[in-house]
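**Student:** Required output: the full structure, derived from the provided sequences and hints.
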Amino acid sequence: MALQEVLERLGAPTRMMTAFEIKSVAEPYIRRRAIRHLEKGRIVIFTAGTGNPFFTTDSGAALRAIEINCDVILKASGIDGVYSEDPNKNPRAKLFKHLAYQEALEKHLNVMDATAFALCQKHKMPIVVFNVERLKDLDKILRGKNIGTLIS
1 MALQEVLERL GAPTRMMTAF EIKSVAEPYI RRRAIRHLEK GRIVIFTAGT
51 GNPFFTTDSG AALRAIEINC DVILKASGID GVYSEDPNKN PRAKLFKHLA
101 YQEALEKHLN VMDATAFALC QKHKMPIVVF NVERLKDLDK ILRGKNIGTL
151 IS
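Numbering follows UniProt numbering, in which position 35 of the sequence shown is assigned residue number 35; successive positions increment by one, without gaps.
Just so you know, the hints here were simulated from the structure itself, not pulled from any lab data. You may find that some hints are simply not true.
Dumping the calculated DSSO-like pairs for lysine-lysine here, alpha-carbon to alpha-carbon at most 30 Å [as the list claims (entries may be wrong)]:
| hint | residue 1 | residue 2 |
| --- | --- | --- |
| 1 | 145 | 40 |
| 2 | 122 | 94 |
| 3 | 136 | 97 |
| 4 | 23 | 40 |
| 5 | 140 | 107 |
Just so it is clear, the structure is predicted and the values come from calculations on it, not from any experiment.
**Tutor:** If you want it as structure tokens, here you go:
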């Protein structure tokens, strides 16, 4: 809901869709309805993963993004992007601005869960990892500025 609030403050029309019914917060996910919202110029925010056990919210995000042919997955994180190692443990960790899928796998960077990452790689779905504490940067990200880490 914080993301939706920030986007709407920036003047972007949004719709929040969820894997299971939460009437007072979001509408249920229906693929055709999500596509229609996008056609009308709205930003669609998916919540609650897939609604199925054993699947993470990362998997839900990847699945929905692929289903409706999104341009990119925006993955909010507790850090500024993808680092060479945990920056909370090693202040010298290097922030990557861009990574290829294969490079992220070879370096064991754990961008997201393995199922979600495999889906993104197979379907060439770009992922932008950025700091959730800096939602003000969202406007820059949406305009194509290189904030955080782009995996493609």
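**Student:** All hints are to be evaluated individually against the structure, with a verdict given for each.
**Tutor:** For each hint, the structure was consulted:
1. 145 x 40: Holds, because 24 Å separates the two Cα atoms, which is no more than 30 Å.
2. 122 x 94: 27 Å, holds
3. 136 x 97: 18 Å, holds
4. 23 x 40: 22 Å, holds
5. 140 x 107: 28 Å, holds
Against the hints set out earlier in the document, no violation occurs for any number.
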